[in-house]
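Single-letter residue listing:
Protein chains: 2
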Amino acid sequence: MTATGPEGVTIAPVDGGVTAAAGFRAAGVACGIKKTGAPDLALIVADGPATAAAVFTTNKAQAAPVVVSREHLAGSGGLARAIIVNSGCANACTGPEGMAVARSTADFVASMTGCRADQVLVASTGVIGVQLDLDKLRKGAIAAANILSRTGGGDAAVAIMTTDRAPKSAAVTVTTAAGTYRVGGMAKGAGMIEPHMATMLGFITTDAAVPAPLLQRALRDAVDVTFNAITIDGDTSTNDTVFLLASGASGVEVADAGYPGFVAALRTVCGALARAIVRGGEGATKLVAVSASGAASDADAKRAAHTIANSLLVKTAIHGGDPNWGRLLAAAGRAGVAFDVEHATVRIGPVVLFKDGVPFDDRAPEAAVYLTGSDLEIDVGLGAGGPHSATVWTCDLSAEYVAINADYRT
Amino acid sequence: MTATGPEGVTIAPVDGGVTAAAGFRAAGVACGIKKTGAPDLALIVADGPATAAAVFTTNKAQAAPVVVSREHLAGSGGLARAIIVNSGCANACTGPEGMAVARSTADFVASMTGCRADQVLVASTGVIGVQLDLDKLRKGAIAAANILSRTGGGDAAVAIMTTDRAPKSAAVTVTTAAGTYRVGGMAKGAGMIEPHMATMLGFITTDAAVPAPLLQRALRDAVDVTFNAITIDGDTSTNDTVFLLASGASGVEVADAGYPGFVAALRTVCGALARAIVRGGEGATKLVAVSASGAASDADAKRAAHTIANSLLVKTAIHGGDPNWGRLLAAAGRAGVAFDVEHATVRIGPVVLFKDGVPFDDRAPEAAVYLTGSDLEIDVGLGAGGPHSATVWTCDLSAEYVAINADYRT
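Quick mapping for you: the protein sequence lines, in order, are chains A and B.
In terms of the numbering used here, the numbers along the first sequence are unbroken and rise by one, the last being 410.
In terms of the numbering used here, the numbers along the second sequence are unbroken and rise by one, the last being 410.
Don't read these hints as lab results, they were simulated from the structure.
Keep in mind that the hints are not guaranteed to be accurate.
[To be verified] With beta-carbon atoms standing in for the labels, derived distance ranges:
#1 A:SER149 <-> B:VAL358: 37 to 43 Å
#2 B:LYS355 <-> A:ILE147: 54 to 60 Å
#3 A:ASP362 <-> B:ALA12: 51 to 57 Å
#4 B:THR163 <-> A:GLY373: 49 to 55 Å
#5 B:LYS355 <-> A:ASP362: 57 to 63 Å
#6 A:VAL358 <-> B:ALA299: 37 to 43 Å
#7 A:PRO365 <-> B:LEU134: 49 to 55 Å
Beta carbons are placed, not taken as given, at the ideal position from N, Cα and C, and that holds for glycine.
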């Protein structure tokens, strides 16, 4: 995280994660959903109604908590008091019973918190096709409510983990002419849930005051270049969700003038969490920023970057430390975007390996040395004559990925 | 290969591969392009001008032989006398020099054969970014021309191999009311070429008489459900090419009435070659027919089947023998097609694991036993209320795939 922002805005990292922003308390507890006894329930509660925004999975198989949270945000007009999250069970493909459990969970948290049920948002991650135990959730919610605190962000980040190697938190303080506010959050990654699928969850809070429509726009803008610009294996889940709540407790109001600074802060937090997810990808040993430049349009740039970043041949080459410009060009060539190999370039870190139709294989050893690092940049110039570019973060593909995802029954 | 066809047409397997059809001779030799000294040049020559059709890579980075062959087919009006193929060097990303080599190769074969240069088709597979040695090619072409024979199909199939585990040939005899003719061919698979990329090449011949426009239509129809319905890792190459030549030597003319039988035979040969390519995929241990059914359109069915077949989570689950219906549903759900999980079904072999929103996990052990086989069928019903379906053949993803594609330098 760097301390940069639009003119007149300073963005600096702080501790505290999802409770860095004033007006929020959180807790993480174990309620027995995970057989291991590890923490599996997180509760985030705002001191009063917060404005709320959300981005949900585009997968057409949507889990019960996604359906219920979407309804609640619509019903409340973009207000929320609490978020309850469980790990260990996704409550997906669970039919009417699963819907009833999700609704009852929200009802129960609403009673505890003293708010309307549609001001409670729910999220789940874990095994799909298994019913979520409402009784355990209720007991967990009570236990969590009893220890809610301004420093509970760390415990909450642990309680939403599945096969994540480490909890993921990030927060910044934002200094502007209008005053100082904070943006913080936590996420769980696309570490595969035994036995079914990956889920990405993100929970962001701020103590700026932001009207719900502007908050939704800001979340979209930030997610587009962060959580939506990462890829581990191109799969999406039934449960992917990012929530953003704004308490207003800092007294700083964000409207049109403050919007660029707010979005920059939000991108900083979401970006840090997103890159932490990739870095924690199953079997991942390298974080790779894949850029496509010289594109005829933003859409072309994005599509090319995604195609290159998802190519198995590219990901295995990176894993093996192979400066394989041919695979990079081939991926760009099949992305379905304007591309001219005679004007294309391939750059691996500082090393240009291909330019205007001509390979420079004598530079391959230098690029191979660069690829031994764990934080990499690769750029493919599409040669389409345009000024557009896009970046996607991905990880390498290792034999360990296959082992993790193939061998869970053995 | 099964001996079925449209009414009144019998299709039965025969030996001979690309020289099974009358009017063609072939040879395979070693000319020193491969450092190992393995065969690396194949020549196919028709006794007289044959009608010709082709399907080329859609990758925008197109190798010199693709550009030249495309020009020649246009220039000759769909006639060809000879095909020269080398393995060990793709002549891709080689600029003007590479184009000159491809053209000179065709000129040389044309002189040898006594035909126009535009009646010679060229194909290359191997390392990209390296110039092809014209001198070696010329010597190889002379050596091959000297041993051209009606039984040379086997040697030719060996000479086009790269990292293929085995040569791939298939042929059928087609018995119709109008007479008997043959369709045969050879292919090389998407075994990765050290050091750069995969290439799929296919060469099909027939002794039916088929006008060039109809031949092109038939090849498109057949490739669509065979070579274009296989996927190993979703990557395409700069050199992918399928040629189809018709000598007419059987005396059987294929026009509108004979078209269905001809396409059925072509599909049989192309299908056998395509499945052999998947079975020979790098690190592959299982051949999987992935179907999407109950789709709202053919395009939806095809897109869903491709998305499922390319999902890393699905491919690793199959490798591990894990009947993971959740990953199959999730892949269908993100395919961008009409999909309703409440009416979706998942069938692994004979075992229905998910139906109308309800999982049947008690049947998982039965499905796990089925998945220990090496020739598998998986069907996902999209629940979209339509009658459309599509099948894609793929292989599992193993740690060996990663090792092959990551570690070539070590």
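Verification of the supplied hints:
1. A:SER149 <-> B:VAL358: 37 to 43 Å: Given about 41 Å between the Cβ atoms, the range holds.
2. B:LYS355 <-> A:ILE147: 54 to 60 Å: Given a distance of about 43 Å, which is not inside 54 to 60 Å, the answer is violated.
3. A:ASP362 <-> B:ALA12: 51 to 57 Å: holds (55 Å)
4. B:THR163 <-> A:GLY373: 49 to 55 Å: violated (29 Å)
5. B:LYS355 <-> A:ASP362: 57 to 63 Å: holds (59 Å)
6. A:VAL358 <-> B:ALA299: 37 to 43 Å: holds (39 Å)
7. A:PRO365 <-> B:LEU134: 49 to 55 Å: violated (29 Å)
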